[in-house]
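Undergrad: Be aware that the sequence shown starts at 310, since it is given in this note's numbering, and climbs by one per residue.
By construction, these hints were calculated from the structure, which means they are not laboratory data.
Hints may be right or wrong, so weigh each one.
[To be verified] Computed cross-link-like contacts, DSSO-like style, restricted to lysine-lysine with a CA-CA straight-line distance of at most 27 angstroms:
hint, residue 1, residue 2
1, Lys-402, Lys-333
2, Lys-439, Lys-357
3, Lys-319, Lys-428
4, Lys-428, Lys-418
5, Lys-436, Lys-418
6, Lys-333, Lys-380
7, Lys-428, Lys-456
8, Lys-344, Lys-436
9, Lys-451, Lys-428
10, Lys-439, Lys-428
11, Lys-380, Lys-344
[To be verified] Simulated DEER-style distance windows between Cβ atoms:
hint, residue 1, residue 2, range
12, Pro-354, Asp-449, 31 to 39 angstroms
13, Asn-325, Glu-415, 51 to 59 angstroms
14, Asp-359, Lys-313, 38 to 46 angstroms
15, Tyr-393, Asn-325, 36 to 44 angstroms
16, Lys-313, Phe-447, 30 to 38 angstroms
From the three backbone atoms N, C-alpha and C, an ideal C-beta is built for every residue, glycine too.
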Amino acid sequence: MHLKMGRFGKYMACTNDECKNTRKILRNGEVAPPKEDPVPLPELPCEKSDAYFVLRDGAAGVFLAANTFPKSRETCAPLVEELYRFRDRLPEKLRYLADAPQQDPEGNKTLVRFSRKTKQQYVASEKEGKATGWSAFFIDGKWTEAKK
Numbered sequence: 310m311h312l313k314m315g316r317f318g319k320y321m322a323c324t325n326d327e328c329k330n331t332r333k334i335l336r337n338g339e340v341a342p343p344k345e346d347p348v349p350l351p352e353l354p355c356e357k358s359d360a361y362f363v364l365r366d367g368a369a370g371v372f373l374a375a376n377t378f379p380k381s382r383e384t385c386a387p388l389v390e391e392l393y394r395f396r397d398r399l400p401e402k403l404r405y406l407a408d409a410p411q412q413d414p415e416g417n418k419t420l421v422r423f424s425r426k427t428k429q430q431y432v433a434s435e436k437e438g439k440a441t442g443w444s445a446f447f448i449d450g451k452w453t454e455a456k457k
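Take these sequences, add in the hints, and give me the full structure.
TA: Here's what the structure looks like:
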């Protein structure tokens with residue numbers, strides 16, 4: 310890959326003519342990591358449209374988005390139990406999320422979240438749309454619980 314200049318600024322592009330791979334350069338000067346291909350999950354229907362969800366890997370972690378984007382812009386954070394259900398379809402680098410705790414000690418379901426501060430995925434629980442303060446981080450190959 311070599312450095313190129315485009316209308317949106319500098320980026321890295323593959324030197325092979327047949328390869329169209331590009332990566333943007335982040336504000337801190339690092340080259341952005343490669344993104345995973347979307348994982349279709351037709352068993353998870355969208356609530357606001359007749360589309361289904363796909364699991365996407367974005368700049369702010371993994372999320373579920375409608376397969377008909379941009380027609381339907383519905384997105385949401387994935388539940389750990391949904392990732393566990395479709396564990397065999399997940400890319401290798403995301404499989405650890407399926408092994409996260411599916412419920413907090415009070416029995417609330419856990420969601421996958423992304424910490425911009427530490428730049429890592431973690432799981433947190435919610436009750437009726439509000440954060441409970443419970444979370445778990447993947448540290449040294451195992452899930453470690455944290456309570457605020």
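Undergrad: Please write out, lowest number first, the hints stated earlier that are contradicted by the structure.
TA: 8
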